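K.L.:
Same order as they appear, the protein sequences are chains V and G. Going by this note's numbering, the first sequence opens with residue 1, and the numbers climb by one from there. Going by this note's numbering, the second sequence opens with residue 1, and the numbers climb by one from there.
Hints in this document: simulated from the structure, not taken from any laboratory. Computed from a predicted model, the values in this text were never measured in an experiment. Check the hints yourself; a few may be wrong.
Which residues of chain G face chain V? A few of them, derived with a C-beta cut under 8 Å, are [claimed, not checked]:
| hint | residue |
| --- | --- |
| 1 | R132 |
| 2 | L151 |
| 3 | F156 |
Idealized CB from N, CA, C, for every residue including glycine.
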Amino acid sequence: MNKVFSVLALMGCLAFAQRSSPAEFVVEVTRGQDNAVPIAIVPFADPGLADVDVAQVVSNDLARSGRFKAMDRKDMVERPHTGANITYDDWRRLGNDYVVVGLMTAQGADRYDISFELYNVLNHQRLLGFQISANRPGLRLASHQIADMIFDKITGIRGAFATRIAYVSVSGTLPNRSYRLIVADADGENPHVVMQSNEPLMSPAWSPDGQSLAYVSFEHRLPTVYVQYLKTGERHVVSARAGVNQAPAWSPDGKKLALTLSTRDGNLDVYVMDLATDGLTRITDDPAIDTEPQWSKDGQSLYFTSDRAGGPQIYKVGLQPGDRPRRLTFQGNYNARPRISPDESQMAFVTQEEGAYRIAVMDLKGRGDVQVLTKGQFDVSPSYAPNGAMIIYASRDRGRGVLALVTPDGRVQERLASNEGEVQEPAWSPF
Amino acid sequence: MKKIVSIACLFAAAALLAGCPKKATTVEPPSAGSQVPGAGGSTSGSETGSTSTSPLGGDASAQGGGPGGGPNASVGRIIYFDFDKSDIRPEFTGVITGNAQFLAAHPNVKLKLEGNTDERGTREYNIGLGERRAQAVRRALMLQGASENQLTTVSFGAERPAVEGDDEAAWAKNRRVELVYGP
């Protein structure tokens with residue numbers, strides 16, 4: 001499914017200045033995977049007019065997954081464009097298991113045909129051969145789709161390189177801060193400002209069809225939950241009740257939102273709102289802080305954070321009347337903000353360890369084993385890629401909010417450097 | 001000619017080898033954008049976002065000019081909290097008393113209690129902690145004469161720090177409830 005989304009440009013020069021600033025995430029691999037698959041993506045032959053280096057985008061995507069070691073093109077002694085011209089012994093000698101070759105041809109002023117092939121260096125077998133037609137603005141997307149196909153072919157896992165991320169960018173200095181909700185490609189390119197405010201923005205949440213974002217805005221100096229349709233920028237208020245309106249979470253069928261509301265005396269609880277009828281169902285009824293709801297894959301339960309036991313812990317509750325919450329986390333005094341992997345085999349959350357806040361995962365299928373994945377002081381806001389193969393989260397580096405990636409087994413860690421100012425609250429789109 | 005032939009062969013071979021034949025996909029560019037209504041970029045959104053909600057303006061409440069602006073400047077408007085706590089420290093009982101007495105004497109005056117936390121922890125849970133602090137102040141004010149309909153609470157959690165910094169000196173200044181007079 002082609003997920004091309006609309007650009008929402010702000011009025012005024014500010015928007016254009018923001019869009020033109022380079023924003024690609026620079027990946028620093030802080031911890032690589034030992035058994036990464038060595039692959040060479042040979043620069044594609046191109047007519048010289050394309051402004052996207054397709055092979056480089058593919059190479060960067062595969063490297064960023066942590067599962068591939070992409071060969072540096074300056075080490076390539078030859079640059080074939082088709083299988084017939086591959087000298088396999090040379091590529092094997094340079095340590096590659098796979099090689100990708102391709103070429104682009106211009107079709108008129110604004111269109112390209114890209115063809116590529118994937119070969120197994122050891123047995124010379126051709127594993128993939130495809131042709132993609134793209135117009136000039138679509139070249140990056142085509143590159144990500146190629147990376148997806150290669151990734152899927154070799155790992156057996158569906159690629160998520162053609163997906164998007166939403167995040168909040170904060171700039172300016174107190175008290176004059178500016179908040180932007182941004183949607184970008186999963187590699188950080190093509191950032192677009194979806195919403196801007198001089199008051200805080202929080203908690204972006206993708207609808208299951210990838211067409212809308214729910215978020216919390218304090219633009220009236222009160223929290224309001226909005227749903228915004230990305231193609232047009234139209235949005236509507238989901239909840240602007242007195243008190244707290246926070247933490248929107250979409251049901252798997254996209255028809256309901258779980259969210260956090262408060263009673264007059266400030267008691268936060270989890271509710272479910274039917275988006276068609278605006279009908280509200282109260283799910284928790286407890287004097288503790290109950291918040292950060294997330295749906296189970298079957299839409300029949302909610303995971304959430306509650307401090308009913310003293311400090312925040314994660315619970316799961318069925319949505320039938322009479323269902324009682326069951327506590328899931330028992331290690332340490334602070335476990336919060338659950339996020340469920342796409343196949344619900346694992347839960348990512350924030351845990352406090354020796355005063356530091358870190359990303360941890362719990363095995364939901366087995367005995368509930370917990371593994372702490374990261375080592376920072378302020379690692380929060382985990383979000384799974386839709387193929388479950390990577391987690392993006394927010395961290396702090398030298399006093400600045402940054403985004404980072406970690407594989408669900410903790411083996412590969414990457415920091416994403418950008419010049420977007422402070423960035424926080426990443427949310428990975430669905431496919 | 002050769003290139004076209006080899007591409008065609010490639011495509012044919014792909015169809016054979018791949019097993020599930022894929023058509024050449026066509027990738028369209030993102031369509032042209034539109035503005036977000038109410039966003040900061042638009043005039044109305046920007047005014048709503050950037051100006052203070054108090055119609056008296058920030059200055060009035062600071063100077064205490066007129067009952068709507070609150071008691072005079074000698075009565076504090078900020079209460080600070082210990083980490084992970086929402087109980088009001090003894091050094092702030094004067095702030096409670098001063099403001100409660102003022103509210104009791106001016107039943108038409110409204111007060112907003114803005115709860116905040118330091119940056120540590122998860123953002124949405126911090127909204128809860130900020131609300132808990134604002135509620136603690138609300139209850140204390142009501143115990144000393146303010147009436148329920150004069151008080152509203154709002155929590156900003158960790159989203160509106162007063163001071164930047166990743167150390168206790170900054171955090172201590174951010175764990176606070178601000179008393180903001182106005183409708």
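K.L.:
Would you mind marking each hint as holding or not holding in the structure?
P.N.:
Now for the hints, and whether the structure bears them out:
1. R132: With Cβ-Cβ at 7 Å, under 8 Å, it holds.
2. L151: 10 Å, violated
3. F156: Since chain V brings a Cβ to about 7 Å from F156 of chain G, closer than 8 Å, the hint holds.
Of the numbered hints stated above, the single one contradicted by the structure is hint 2.
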